[in-house]
Amino acid sequence: MTDPRFDVLVVGAGPAGLAAARRAAESGARVAVLDDNPTPGGQIWRARPEPARWLSGYQVILGARVIAAPAAGCLTVETLQADFEIGYRALILATGARERFLPFPGWTLPNVMGAGGLQALAKSGLPIAGKRIVVAGSGPLLLAVAGYLRGHGARVALIAEQTERAALLRFGASLAAHPGKLRQAVELRARLLGVPYLTGCWPVSAQGAERLESVTLRRGAKNWTEPCDYLACGFGLIPNTELAEMLGCRIGASGVAVDDDQRTSVPAIFSAGEATGIGGLDLALVEGEIAGYAAAGRTREASSRFALRQQHRRFATALEKAFALRDELRSLAAPETLVCRCEDVSYARIRACSGWREAKLHTRCGMGPCQGRVCGGAVEFLMGWRSESVRPPLYPARVESLARSGQDR
Amino acid sequence: MKLLVNGKPVEAPAGSMVSAAVALAGAWLYRRSVTGEPRGPLCGMGICFECRVTIGGKPHQRSCQIPCAEGMEVRTDE
Ligand SMILES: Cc1cc2nc3c(=O)[nH]c(=O)nc-3n(C[C@H](O)[C@H](O)[C@H](O)COP(=O)(O)OP(=O)(O)OC[C@H]3O[C@@H](n4cnc5c(N)ncnc54)[C@H](O)[C@@H]3O)c2cc1C
Ligand code: FES
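Those protein sequence lines, which keep their order, are chains A and B.
Reading the first sequence from the start, the letters are residues 1 to 409 in our numbering.
Reading the second sequence from the start, the letters are residues 1001 to 1078 in our numbering.
Honestly, the hints are just simulated from the structure, not real lab data.
Please note that a few of the clues may not be correct.
Unchecked claim - Computed footprint of chain B on chain A; a stretch qualifies when at least three of its residues, placed anywhere within it, have a C-beta under 8 Å from a C-beta of chain B:
| # | region |
| --- | --- |
| 1 | 83-93 |
| 2 | 103-111 |
| 3 | 116-129 |
| 4 | 360-373 |
Claimed, not checked - Example chain B residues on the side facing chain A (calculated, C-beta under 7 Å, incomplete):
| # | residue |
| --- | --- |
| 5 | M1001 |
| 6 | A1014 |
| 7 | M1017 |
| 8 | A1023 |
| 9 | A1025 |
| 10 | P1041 |
| 11 | G1046 |
| 12 | C1048 |
By construction, the Cβ of each residue, glycine as well, lies at the ideal position given by its N, Cα and C atoms.
Produce the complete structure using the sequences and hints provided.
Listed below in structure tokens is the structure:
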């Protein structure tokens, strides 16, 4: 086994990971952070200046993804050029979340993208100025994305939010207990003046020959078609728990299960941020700080932030309730609609199976390069199945990386 | 930054990813699925693998995670 090169190793350079690394490094630990992205910041701080405030006192390794864990205290990491092993005494999993995608006829057409997905691509240089865009799905992310797109010259035709107005109003009232969030909401709404925000509305199909040309929406008894260049569509977020699962950590109902100190069920492994449950920026930051302090042995500093975390967790619970997905979305996919985009497996073929294991075996659903990261969230919602085992490699890896991670076993 | 996308020269702003260069070249089809359907980026964050293209002769590269570089040669639909 490799020597522990780092006292604390953090996977994920989003807000949670950066806060964890900063606090652990301040506590005197030798710290490194790894991320698959070529720049630090995770999802919300993509192409933003905020990460700079948190980047000091530790090593940052970018464009590097963890693909396997050949032994306790050791991870196999792959970059574009090479692969290597990295040792740790304590590990913090701050792997964040991804969007939940739900299949509907036409969702595989080019230019139908995630909501956060289109925003991320635009931040990476995809031209959106002058484009007509429909934003759809669920959650506060839709507003953030619409605000960003509009601010960068896109014509946002409308925002379709599947949840009902009544649930949103209750949520809005609960914001009074979180003045910071309320201010953000009001500012966002101001940036979106003139853009219809349709509640109880969702996409039923996307049309186009070789790429998206229009989307059909439903609201109440009414169906209509909107021409558009892009459809930005995501139905909330789901935690990235694959690495934690591979390491044997217990997964709870909302994500990686952790105790007060953000410790997982596996000794010396912590988790923080949206990998442990969806809660937004403030919760990710405070959880990261707690995990960083705790991993460096400073439990007093960690516990001084428990009350703040509790406050942000209450907000997360209200959020989850307000944006719960409606049953009608379960009938969006037609029998021939593809659910697994890697292996082109239709809804009808998946429905004919008795569970995940059979679906994987007989249809290869979830067995392609995304390894179920896209179809998994849909299958969970449509069928109620949860994938049970995660095996290395976590991503399709080069043959050399695999051979290497096997040698040390 | 100058790149070649399917032989066509494109100018990509500094800091952009290969996914953007493909769009700037006017292409929307990044790859074809196992049954031949046209596909383009979905997640923008490296997990869906729908944005795969060939970069400098290396196939199946996730264009949303790879920064543009001067003189890069990119091919879609391979
Ligand atoms: C696409 C998207 C866009 C979003 N945009 C916004 C927004 O505009 N506004 C807003 O308020 N909220 C947004 N959110 C919500 C956002 O997730 C949180 O607010 C916040 O970013 C959570 O921080 P985090 O540190 O927990 O995770 P993240 O910011 O998601 O960071 C996790 C990091 O871990 C890395 N990672 C994961 N697995 C591995 C691995 N195996 N190897 C190496 N690296 C790995 C990822 O590359 C990522 O950078 C967005 C979410 C998504 C999914
Ligand atoms: S768009 Fe999903 S991996 Fe690039």
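- Message: Taking the earlier hints as the rules, which of them does this structure contradict?
- Response: 1, 5, 6 and 9
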